[in-house]
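Take these sequences, add in the hints, and give me the full structure.
2 protein chains.
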Amino acid sequence: MQRILNIETLKQVGKKVKIGGWVNSRRDHGGIVFFDLRDRTGIIQVVCSEKLAEGIKDEYVLEIEGEVQERPIKMVNSDLETGVLELKAEKIKVLAESESLPFDLRDLNVSLPTLLDYRPLTLRNKKIQAIFKIQEQVISSFRKNMKELGFAEFESPMIVPSNAEGGAEVFHIDYYNRDAYLSQSPQLYKQILVGVFERVFTVARVFRAEPSVTTRHLSEYISLDAEMGFIESWEDVMDACENVIKDIFSDLEKNCSKELKFFDIGLPKIVKIPRIKMREAQEIIFQRTKRDNRKEPDLEPEDEKEISNWAKEKHGSELIFITHYPTKKRPFYTYPDPKDSDYTLSFDLLFRGLEIVTGGQRINEEKELVKNIKKWKNEPKNFKFYLQVFKYGLPPEGGFAIGLERVVKQILGLSNVREASLFPRDMERIDQRLSLAQPKKAKPKKKK
Amino acid sequence: MQRILNIETLKQVGKKVKIGGWVNSRRDHGGIVFFDLRDRTGIIQVVCSEKLAEGIKDEYVLEIEGEVQERPIKMVNSDLETGVLELKAEKIKVLAESESLPFDLRDLNVSLPTLLDYRPLTLRNKKIQAIFKIQEQVISSFRKNMKELGFAEFESPMIVPSNAEGGAEVFHIDYYNRDAYLSQSPQLYKQILVGVFERVFTVARVFRAEPSVTTRHLSEYISLDAEMGFIESWEDVMDACENVIKDIFSDLEKNCSKELKFFDIGLPKIVKIPRIKMREAQEIIFQRTKRDNRKEPDLEPEDEKEISNWAKEKHGSELIFITHYPTKKRPFYTYPDPKDSDYTLSFDLLFRGLEIVTGGQRINEEKELVKNIKKWKNEPKNFKFYLQVFKYGLPPEGGFAIGLERVVKQILGLSNVREASLFPRDMERIDQRLSLAQPKKAKPKKKK
Numbered sequence: 002m003q004r005i006l007n008i009e010t011l012k013q014v015g016k017k018v019k020i021g022g023w024v025n026s027r028r029d030h031g032g033i034v035f036f037d038l039r040d041r042t043g044i045i046q047v048v049c050s051e052k053l054a055e056g057i058k059d060e061y062v063l064e065i066e067g068e069v070q071e072r073p074i075k076m077v078n079s080d081l082e083t084g085v086l087e088l089k090a091e092k093i094k095v096l097a098e099s100e101s102l103p104f105d106l107r108d109l110n111v112s113l114p115t116l117l118d119y120r121p122l123t124l125r126n127k128k129i130q131a132i133f134k135i136q137e138q139v140i141s142s143f144r145k146n147m148k149e150l151g152f153a154e155f156e157s158p159m160i161v162p163s164n165a166e167g168g169a170e171v172f173h174i175d176y177y178n179r180d181a182y183l184s185q186s187p188q189l190y191k192q193i194l195v196g197v198f199e200r201v202f203t204v205a206r207v208f209r210a211e212p213s214v215t216t217r218h219l220s221e222y223i224s225l226d227a228e229m230g231f232i233e234s235w236e237d238v239m240d241a242c243e244n245v246i247k248d249i250f251s252d253l254e255k256n257c258s259k260e261l262k263f264f265d266i267g268l269p270k271i272v273k274i275p276r277i278k279m280r281e282a283q284e285i286i287f288q289r290t291k292r293d294n295r296k297e298p299d300l301e302p303e304d305e306k307e308i309s310n311w312a313k314e315k316h317g318s319e320l321i322f323i324t325h326y327p328t329k330k331r332p333f334y335t336y337p338d339p340k341d342s343d344y345t346l347s348f349d350l351l352f353r354g355l356e357i358v359t360g361g362q363r364i365n366e367e368k369e370l371v372k373n374i375k376k377w378k379n380e381p382k383n384f385k386f387y388l389q390v391f392k393y394g395l396p397p398e399g400g401f402a403i404g405l406e407r408v409v410k411q412i413l414g415l416s417n418v419r420e421a422s423l424f425p426r427d428m429e430r431i432d433q434r435l436s437l438a439q440p441k442k443a444k445p446k447k448k449k
Numbered sequence: 002m003q004r005i006l007n008i009e010t011l012k013q014v015g016k017k018v019k020i021g022g023w024v025n026s027r028r029d030h031g032g033i034v035f036f037d038l039r040d041r042t043g044i045i046q047v048v049c050s051e052k053l054a055e056g057i058k059d060e061y062v063l064e065i066e067g068e069v070q071e072r073p074i075k076m077v078n079s080d081l082e083t084g085v086l087e088l089k090a091e092k093i094k095v096l097a098e099s100e101s102l103p104f105d106l107r108d109l110n111v112s113l114p115t116l117l118d119y120r121p122l123t124l125r126n127k128k129i130q131a132i133f134k135i136q137e138q139v140i141s142s143f144r145k146n147m148k149e150l151g152f153a154e155f156e157s158p159m160i161v162p163s164n165a166e167g168g169a170e171v172f173h174i175d176y177y178n179r180d181a182y183l184s185q186s187p188q189l190y191k192q193i194l195v196g197v198f199e200r201v202f203t204v205a206r207v208f209r210a211e212p213s214v215t216t217r218h219l220s221e222y223i224s225l226d227a228e229m230g231f232i233e234s235w236e237d238v239m240d241a242c243e244n245v246i247k248d249i250f251s252d253l254e255k256n257c258s259k260e261l262k263f264f265d266i267g268l269p270k271i272v273k274i275p276r277i278k279m280r281e282a283q284e285i286i287f288q289r290t291k292r293d294n295r296k297e298p299d300l301e302p303e304d305e306k307e308i309s310n311w312a313k314e315k316h317g318s319e320l321i322f323i324t325h326y327p328t329k330k331r332p333f334y335t336y337p338d339p340k341d342s343d344y345t346l347s348f349d350l351l352f353r354g355l356e357i358v359t360g361g362q363r364i365n366e367e368k369e370l371v372k373n374i375k376k377w378k379n380e381p382k383n384f385k386f387y388l389q390v391f392k393y394g395l396p397p398e399g400g401f402a403i404g405l406e407r408v409v410k411q412i413l414g415l416s417n418v419r420e421a422s423l424f425p426r427d428m429e430r431i432d433q434r435l436s437l438a439q440p441k442k443a444k445p446k447k448k449k
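Taken in order, these protein sequences are the chains called G and E.
Just so we're aligned, residue 2 is where the first sequence starts under my numbering, counting upward by one.
Just so we're aligned, residue 2 is where the second sequence starts under my numbering, counting upward by one.
No wet-lab data here; the hints were simulated from the structure.
Even glycine gets a Cβ: it sits at the ideal position worked out from N, Cα and C.
Some clues are possibly wrong.
Dumping the calculated BS3-like pairs for lysine-lysine here, alpha-carbon to alpha-carbon at most 27 Å [what the hints assert, rightly or not]:
#1 G:LYS255 <-> E:LYS247
#2 E:LYS148 <-> G:LYS12
#3 E:LYS247 <-> E:LYS134
#4 E:LYS148 <-> G:LYS148
In silico negatives: residues of chain E with every beta carbon more than 10 Å from chain G [to be verified]:
#5 GLY31
#6 VAL85
#7 ALA169
#8 GLY414
Now the stretches of chain G that chain E is said to cover, found in silico as 3 or more residues with beta-carbon under 8 Å [what the hints assert, rightly or not]:
#9 57 to 66
#10 93 to 104
#11 266 to 277
#12 327 to 340
#13 391 to 397
Listed below in structure tokens is the structure:
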């Protein structure tokens, strides 16, 4: 007999079937045993004799043959799709055993370190699973929308030859006795491919050697990256970004209502997203708080929260674009504002107080770019491969990058971005806590 | 006026439009200039006066306004969709200039090193582009088929805590003064997630520090990885693999006929894929060639070619499954054949003489796995995180991994796998040739 899925039992009332799954819970009741059996489609109640259930505990993996019956007392609620029926077990085969659980998996209430130390187990909790169903949907939705707009998908390399974007937060690789690095962004490759396919996107992996532990940073994260040529204005890029973000939200509403219900917060109301310059934002923040950051070259996390509050109060929007960041705070390839070259044609998108997207127009002229590479204290020879794209004609273009884990964190109101990463990496953890797994080296290596 | 795409001009005959793209070629003809203008949808002929075309050369990026007209002499062939019309240019704006080309981009005939040194430019050749359209389609097709079969997509981490699969071909990362490595396979994470979602897949990036240069190996490549729980037999995994491979071929036939036409070879005829044991394959090879590799623990590249020839002659199949590889040649997690534990329930899929898939059933019992970890000279403490999945119940399961670049290489009859990688990495190259970009270190570091 072929195994059917729990959800498929709904169409098999009165029939003999075989199902398989994990024991979600066991209840003994005067000689009769009830199991909740969990598979990827949901939970079904199984009834059997004590003898048949002998020795079976939570998280055992079972294959059960039996008859699908209507329940004497129907449980009709949205959490249990098969609440109207149960399986009367006739044969139970143990496919795999389980040790006793270290915590209650149904009512998970553990600290973040424990949640992550036991990731293979805690992922079996339905609410935790929902986070990653939502993550999968955000990626699919991004991909679907990009393809509809004529963007070609590509796979960006992760081993890169130089620390192209500058900054110390780069991981070094021993590469056949030469130096190589982990990619901090697919930026250069996106631009190269605008020269080929005009519009491209990639679900990229990016790496940042973040030297501190915060609730917003990961050492390895997923970046939904897009780049488009033949723009008429840098605002075309912001428009494209606004559309894809809104489409992600509406796809989630359509396809993930069950998963979203586990979380109190819900999706944002979709309105036109306000756009203001960074300097204006600083002025507004000053007016509201009397905290004077008006001369700062960037927004601090508390500024991002405050301006988000303003956008919600003033425009009813939980998202806000901040534009025209100072040139010196942006990477070398950012297009300067022709009206004031101290500022750039760039933007960040904040969502509920956190930056989730960064983007802008890029310089598409070789001379300008080479000038900036030098100004940013790097050497044009390190960019020889990349510079070809400008040598041989690149149209005006721009793009953006969405931080996947941050989007999911903000949608669900999670308190730490690590909760939105299946297997988060940071300076203290790769799967296991590093302090438990391996000693720190006695002499720190010199950074190159 | 909003830019329209070249292909859209077909519906605009007699109308004024704006188009944009790269000069694919320029022909001067007695005071009249003809451009082939290339955008992502195809090529259109542009006609204008010499004056309007002054200074414009190949690969210049132009924005052109003009009227769409029927051509006096219609060019009707499949390569030029817009051959029935041309654009009479009235206004030309140069969006970006180009240097003189180092080779003829239309009739590309360069060595592999030159092809790759100039990747940003050579990708603009239509035949080269076709390789990556086909690659994109193979990935989409894999993804679509996996989703239809109820597999959940996940993103596997690339920074891993230990050299889990053994072997020296691993890249070391300096990770906050600790040791970490680049993932050689998403294997452990796939298995962890079978414990959560039952069936999972991922478009993974894997890294191998291949110590030699061959036509089949890359240091960074894309692996289409799937893993499924609740299998009844290890052959379920092979069946799933056979189905997805066939679906990929039929999707290519449907969606990429234009791209496939650039290559002489074409898709394989789809028949039931023969399955034979490695020892039987060796016997057949011996009978055919008198080359006696019957005691070898693996097939050599020339063996793979020979047994593929046999499959084609005997079964009319360009694909063949080789099964039951020796236990000592497979990773520690491979399920031993209960009938003969010197062999495993594993398989490779060969396509036109090259291994493109590897797969099999996995050990799903903790005790057996721990025994093997030790036998493979590793320490169970390095697998503490992973072993949880077996402690808490994992059903019988298996999976497979498709080497994307190899599939594309074999479909198109490319002579080197590097041609099927957008930005190939190997011991001699990361974008640029390393010998040109940076000197080798004087003292090779000791491998850990």
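*asked:* Is the listed coverage of the stretch 57 to 66 of chain G by chain E valid when you require three or more residues with a beta carbon under 8 Å from a beta carbon of that chain?
replied: Satisfied; 4 residues make the cut.
*asked:* Tell me if the straight-line CA distance from E:LYS148 to G:LYS12 falls inside 27 Å.
replied: Satisfied, since the Cα-Cα distance of roughly 22 Å is no more than 27 Å.
*Do three or more residues from the stretch 327 to 340 of chain G put their C-beta atoms closer than 8 Å to C-beta atoms of chain E?*
The restraint on the stretch 327 to 340 of chain G is violated, since only 0 of its residues have a Cβ under 8 Å from chain E and three are required.
*asked:* At least three residues with a C-beta closer than 8 Å to a C-beta of chain E: is that true for the stretch 266 to 277 of chain G?
replied: Not satisfied, violated; 0 residues make the cut.
*For the pair supplied as a hint, G:LYS255 and E:LYS247, confirm whether the alpha-carbon distance does not exceed 27 Å.*
32 Å, violated
_Exclusion check [E:GLY31 not at the chain G interface, CB over 10 Å]_ = 27 Å, holds
*Beyond 10 Å from every Cβ of chain G: is that where the Cβ of E:GLY414 lies?*
22 Å, holds
*Would you check whether the claim that E:ALA169 is not at the interface survives, using Cβ distances to chain G and the 10 Å cut-off?*
12 Å, holds
*Measure nothing beyond the straight line between the CA atoms of E:LYS148 and G:LYS148; if it is 27 Å or shorter, mark the hint as holding.*
At roughly 18 Å apart (the allowed maximum being 27 Å), G:LYS148 and E:LYS148 satisfy the hint.
*Non-interface claim for E:VAL85, where every Cβ of chain G lies beyond 10 Å*: 23 Å, holds
*Between the stretch 93 to 104 of chain G and chain E, see if three or more residues pass the 8 Å beta-carbon test, and mark the coverage as holds or violated.*
holds (count 6)
*CA of E:LYS247 to CA of E:LYS134, is that 27 Å or under?*
With a Cα-Cα distance of about 18 Å, the restraint between E:LYS247 and E:LYS134 holds, given a limit of 27 Å.
In summary, the numbered hints that this structure violates are 1, 11, 12.
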